[in-house]
Structures are given as C-alpha cells and as structure tokens.
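Q: Sequence:
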Amino acid sequence: MSGIQMTSNSKKLTATAMPFKKTRAWLFTCLALAITAYGVWIMFDILNSNGMTLLEYALLALFSVTFAWIVTAFCSGCMGFILQLLRIDPLTLKRQKPIDVNSDAITQTKTAIVMPVYNEDTERVIAGFEVSLRSLEKTGQMPHFDFYLLSDTQDPDIARNELKAWNAFTARLGDLAKHTFYRRREDNKHRKVGNLTDFCERWGSQYEHMIVLDADSIMTGQCMLELTSSMINNPNTGLIQTIPIPVRQDTFFGRFLQFASILYSPMLATGSAFWQTNQANYWGHNAIIRVEAFTQCCGLPVLKGNAPFGGEILSHDFVEASLLHRSGWDVLLLSDVEGSYEEVPSNILDYAIRDRRWVQGNIQHLGLLPKSGLKLMSKMHFLFGATAYISSLIWLSMLALSTLDAVTRAVNSDVYFNHAYQLFPTWQIAKTELIDSLLFITIGLLLLPKLLGIIVTLVHRNKAFGGTMKLIAGALIETVFAIIIAPLMMVFHSYFVVCVFLGKKVSWDAQPREGRMVPWKEAIGYTLFSTITAFIWGGVAYYYTPTFFWWLSPILVGLILAAPIVRYSSSIGLGVKMRKMGIFLCPSEVIDDDTLAALRVHQQEIAIPEDSQASFDVPALPDESPTIMPIQSFKAPSGKKRKQVRRAQQRLKAKLLAKL
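Counting along the sequence shown from 1, when you hit position 276 you're at 428 in my numbering, and nothing is skipped either side.
Since the hints were made in silico from the structure, they are not lab data.
Even glycine gets a Cβ: it sits at the ideal position worked out from N, Cα and C.
Any given hint could be a false lead.
Said to hold, decoys possible - Just the calculated beta-carbon pair ranges, DEER-fashion: (1) Leu610 / Lys456: 46 to 54 Å; (2) Ile636 / Lys249: 40 to 48 Å; (3) Trp703 / Ile760: 53 to 61 Å; (4) Leu773 / Ile624: 50 to 58 Å; (5) Leu237 / Pro706: 43 to 51 Å.
Kindly produce the complete structure, drawing on both the sequences and the hints.
A: The structure is reproduced here in structure tokens:
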C-alpha cells in the first residue's frame with residue numbers, strides 16, 4: 153500500500169513526502185528519448201540505404217511517433233516492475249506500508265459518495281449502490297458519509313423504474329436511509345459535467361470530499377476509508393485516483409480483458425505514479441476529490457469553434473485534473489489501494505463502441521495543447537491520451553506505405569540505370585541485419601512489459617491467480633489473443649480517428665455491460681469491409697513481393713478472421729469453460745471479496761416492485777447550501793489570480809487543521 157501514514161489517535165498530519173520529483177520526470181524523459189532516438193536512427197539507416205524518397209521520409213515520420221509511444225509505455229512498465237518487485241512505494245520511495253485509517257480524523261469531516269447515472273440498468277445500479285453502502289456500514293463510519301444517486305436519466309420508463317427501485321431500496325435500509333439521497337435532473341444539460349456541477353453547487357459546500365463512482369463501480373468500505381484518510385492526511389491534495397479493477401466477466405473476451413487488466417495495470421500504474429508524482433491524471437471515477445478545490449477550480453467552459461476541438465469538453469476528467477494542477481493542488485495516483493472495482497464491455501464490438509467515445513474526447517484535448525494556462529505535465533497527459541488512439545491510424549498508414557514501398561522496389565528491382573547518361577549502375581542495398589535488429593527491438597519493447605508483469609505476479613501474487621501453471625497458461629493465451637485482435641482494433645480505432653477529424657459526432661449513451669453472444673449478422677456487418685480489404689491487400693503483396701507478404705501475414709490473418717473472432721470471443725460458454733479450467737482466473741475470484749459476493753446475491757434478488765403509491769413518492773433531498781462553480785479560462789492566470797488561489801488554499805488547509 154502507499155506510504156501515507158496516520159495513527160488512529162494522533163491529530164498530527166504527516167503529508168506524503170515525494171522526494172526528487174523533478175529528477176524522476178527528467179529520468180523518465182531522458183530514458184524514453186534515448187531509446188526512441190536509437191530506434192529512429194536505425195530506421196533512418198535502413199531507409200537511407202538506397203537514398204530517401206518522399207514516401208520513405210513520410211514512413212520515417214510515422215515510425216518515429218509510433219515508436220516513441222511504444223517506448224513510453226515500456227519505460228513506465230520497467231519502472232513499475234522494479235518498484236513492485238522490491239515493494240517500494242512509487243510516491244515516497246520507501247518500503248510499502250498499509251494506509252492507517254484515522255478514525256478520529258474521519259469523524260471531523262463529511263464525505264459524499266456520488267454516483268452519476270444516465271439511462272442505466274436500474275437493477276444493476278441499485279445493487280452496486282447498495283452493496284457499497286452496506287460495506288461502508290460494516291466499518292462503523294457510516295455517520296460521516298452520505299450517498300447520492302445523481303440521475304440524468306431521460307428515458308421515461310427507466311426513470312420510473314429508478315424511482316420505484318429507489319423507494320424499495322430505502323425501505324430495505326431502514327434507519328440507514330437518512331444517509332441516502334436520489335436526485336433526478338429533468339434536463340441533463342452538459343451531461344456528466346453538468347450532473348456533478350449541479351451537486352457541487354447545491355450541496356457540495358456541506359462536504360469536505362466526494363468519492364465519485366460510475367454506474368458500474370463497486371467500492372468496499374475499507375477502500376473508502378483509506379481514500380478519505382489519505383485525503384485528510386494530505387491537505388495540499390485535490391484528487392486521489394485509484395486503479396479500478398474489472399470484475400464479474402463471463403464471456404471469453406470479458407475475462408481476457410479482466411485478466412490482462414489485473415495482471416499488468418498495477419505495475420504500469422506504479423511506474424506512472426513514480427514519474428508523475430503529484431501531477432497524476434484523473435480517469436473520471438473511482439477517485440476521491442476535495443470538494444472545495446474542485447468547485448473553485450474545475451468549472452469547465454464550452455470551447456470555441458466546431459468539432460473536433462470545439463464545443464463541450466467531452467473527456468472532462470483529464471481537463472479537471474489539469475485545472476487542479478494549475479491551481480497548485482496535487483493529484484495523486486495510489487496504484488495499490490484495493491477494493492476499487494468496475495465492469496468492462498463483454499465483447500469486442502461493445503468495447504470498440506466505448507472506445508469511439510473516448511477517441512473523440514481525447515482528440516479534442518489536442519486543441520488545448522497551445523493554451524498557456526496549463527502545466528507541461530498536463531499537456532503530456534493530453535498528448536499521451538490522444539496518441540494512444542491516433543497511433544492506430546499511424547500504424548495502419550505505416551503498413552500501407554510499407555506495402556507501397558515494397559511493391560515499388562519489387563517492380564523496379566531489375567532497374568540499375570535510373571537516369572539518362574548514367575555511367576555506373578545503382579546497386580540495391582538491403583541492410584538485413586539492421587532490419588532484423590529493429591524488428592526484435594520493437595517486439596521486445598511490446599512484449600517485455602508483459603513478461604515483467606508475469607514475473608512480479610509470480611513473486612508476490614501467485615496464489616491469487618490460481619497458482620503458477622494457471623497463471624502462465626492464462627498469460628500465454630492472453631498474449632496470443634491480444635496479438636490476434638490487434639489488427640482489428642487498429643482498423644476500428646483508425647476509422648474512429650478519421651471520423652473525429654471529419655467532424656462526425658457520436659452519442660455518449662449508457663454502455664452495455666452484461667454478457668451477450670454477438671450475432672453473426674452483427675459480427676460480419678462490422679468487419680466485412682476489413683476482411684475484403686485484407687484479401688485484396690494480401691493478394692497484391694503476395695503477387696509482387698512474397699517475402700513482404702509473409703511479414704504482413706500476422707496482420708492479414710487477424711483481419712480475414714475478424715468476424716469469427718468477434719463472434720466466438722463473445723461466447724459466455726467458452727468464458728465459463730476457461731474459468732473451470734483455471735484460465736484467466738483473477739484475485740476477485742480466487743480470494744472472494746465479500747462486497748462482490750454480496751453484489752451477486754443482491755442482483756439476483758432485486759426486482760423492480762409493482763406499481764403502488766409508495767413506489768412513486770418523491771424522495772426528500774437535504775437542505776441546499778448554494779454556491780457557484782466559476783467557469784475557468786485556459787489562459788495563464790495573472791499574478792493577482794495566483795495570489796488569490798494561494799490564499800484560498802491556505803484558508804482551506806487552516807480550516808481542515810482547525811477541525812482536526
């Protein structure tokens with residue numbers, strides 16, 4: 153766990169010390185740049201063997217971006233591996249210790265747990281909401297927390313079901329219901345941003361903190377207490393992000409995604425926390441936020457201009473973190489806090505549709521890069537987020553250009569005199585050793601973090617994954633399947649990126665989360681164009697340059713078999729069979745969490761009650777304490793504004809210390 157320490161009886165605050173913050177960022181940057189420069193130099197040497205054409209200059213530029221992105225992830229993974237293997241906290245650089253929950257300090261504060269929902273599955277929402285609440289109740293700290301279900305639901309039938317389910321839920325709670333509130337907005341202006349703004353402006357001033365959950369989030373009571381203690385113990389922190397671990401998946405694809413996330417995400421997040429230190433990012437949920445800091449700093453403007461860079465800010469979380477950074481608030485990533493869960497799409501198509509929304513939101517962030525009022529680290533978060541998706545289009549463009557280059561060279565392979573009156577022939581030079589070297593370097597950069605994740609898991613969490621053989625078998629199958637579906641995800645993301653730059657918008661609706669077998673018609677409909685293109689692409693490559701065709705074949709196989717891959721990876725039967733075999737086992741299944749076990753029971757037992765007078769009683773809301781969430785500007789703040797922010801922070805810290 154993190155190195156944040158508080159004793160249960162002490163009122164002394166000991167904020168997390170993060171030594172060498174600038175040195176860590178420079179270490180990461182220099183290491184990533186050095187490896188990137190080496191790879192780009194090799195690529196340049198290969199392409200320059202017979203002189204550079206415009207096509208090859210374009211290929212080199214695309215390669216540079218893609219290779220830099222791969223190196224960035226590799227460096228974070230290596231740093232996370234070292235820290236996790238040695239059990240060193242990425243923030244304090246000391247031995248990891250559990251977070252001591254300061255019960256006395258918690259009693260002096262008030263925390264809201266807020267769950268914004270929009271046209272969601274009512275039974276699942278209420279079940280997750282209830283088990284999280286009852287888990288907190290078991291800790292004995294319930295009097296210092298309130299739970300809010302903040303509905304933006306616009307579908308009349310779902311809204312009716314929400315109200316009926318809510319009244320039945322509060323009836324089950326009995327006296328605990330006084331800590332729960334349901335509010336539905338008739339007009340969901342500004343979507344989730346507007347939903348949370350409405351809460352902050354009406355009731356936010358009554359709370360020191362708010363823990364933000366998604367509709368599919370589950371959080372244990374112990375996790376909530378650890379987050380609250382961490383926030384209390386760090387008065388200069390505006391937000392603390394956890395790693396939401398995917399759970400409760402039954403399809404093959406869902407279990408593959410769940411297994412990969414729990415196996416690799418903690419290590420990668422540990423590496424990120426090491427070099428980001430107090431300027432980490434926010435992922436929109438499963439995080440605790442200091443309400444006053446958020447209210448004063450995170451009112452989002454509507455951006456000028458049209459899509460993709462104008463309009464309402466879609467991926468608000470990155471921007472909110474950047475505004476907290478700008479105002480001097482720390483944003484921390486606690487990579488080892490347990491008990492923070494979420495659910496993920498159960499098949500490739502639903503997963504891709506969710507990514508379509510994220511592509512649009514992350515590309516919009518590129519329009520904020522020139523803004524003078526944001527810190528460099530925030531702009532790096534924007535750039536990395538957008539590159540994660542744009543790199544697919546770059547990869548596809550590289551493959552297309554490489555094919556064109558290979559075919560051109562094959563057609564002209566017997567041409568040795570390229571100019572009139574040329575005295576000596578032009579001999580084609582192929583630097584095979586350099587090509588092989590760059591290929592193996594790239595494969596190593598992609599696969600080595602996976603190997604490191606397996607090693608650190610074998611050392612520290614072996615039993616939680618069912619034992620050595622089951623862990624290794626699951627990791628091998630996960631790696632092979634990830635390689636197989638990579639070309640299809642590349643095509644999906646490339647298409648999404650092009651759509652965004654063409655100004656095509658997408659609706660941000662509730663995402664499906666329950667497992668389903670994708671019908672053949674749907675699977676073929678989404679993949680037919682890619683399959684036909686792959687057949688033509690492969691045929692041309694094989695006709696002109698068979699050697700290049702075999703290098704390209706792993707990409708072509710994934711695209712040609714796209715429809716059956718989508719179809720059969722969505723199979724619940726296959727996923728259940730893999731689980732019985734011990735493949736893709738996860739800690740949440742091997743070491744059964746009480747909260748997740750309770751969720752399974754609640755979801756089976758909860759049913760929307762029949763219509764009655766009590767079903768439609770409008771729930772009472774707490775008295776409001778109105779405040780204003782000022783709209784922010786992305787211009788660099790004036791000296792006067794910076795002084796005002798510092799004074800506000802000092803007053804807030806003084807108020808906290810006075811309470812404790």
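Q: Next, verify each hint and record whether it holds.
A: Here's how the hints hold up against the structure:
1. Our hint of 46 to 54 Å for Leu610 and Lys456 holds, since their Cβ atoms are close to 52 Å apart.
2. The hint said 40 to 48 Å for the Cβ distance between Ile636 and Lys249, and at roughly 42 Å that hint holds.
3. In this structure the hint that Trp703 and Ile760 lie 53 to 61 Å apart at CB holds, the actual value being about 56 Å.
4. Range check, Leu773 to Ile624: Cβ separation about 53 Å, and the 50 to 58 Å hint holds.
5. Distance hint for Leu237 and Pro706: a CB-CB separation of about 31 Å, inconsistent with the stated range 43 to 51 Å.
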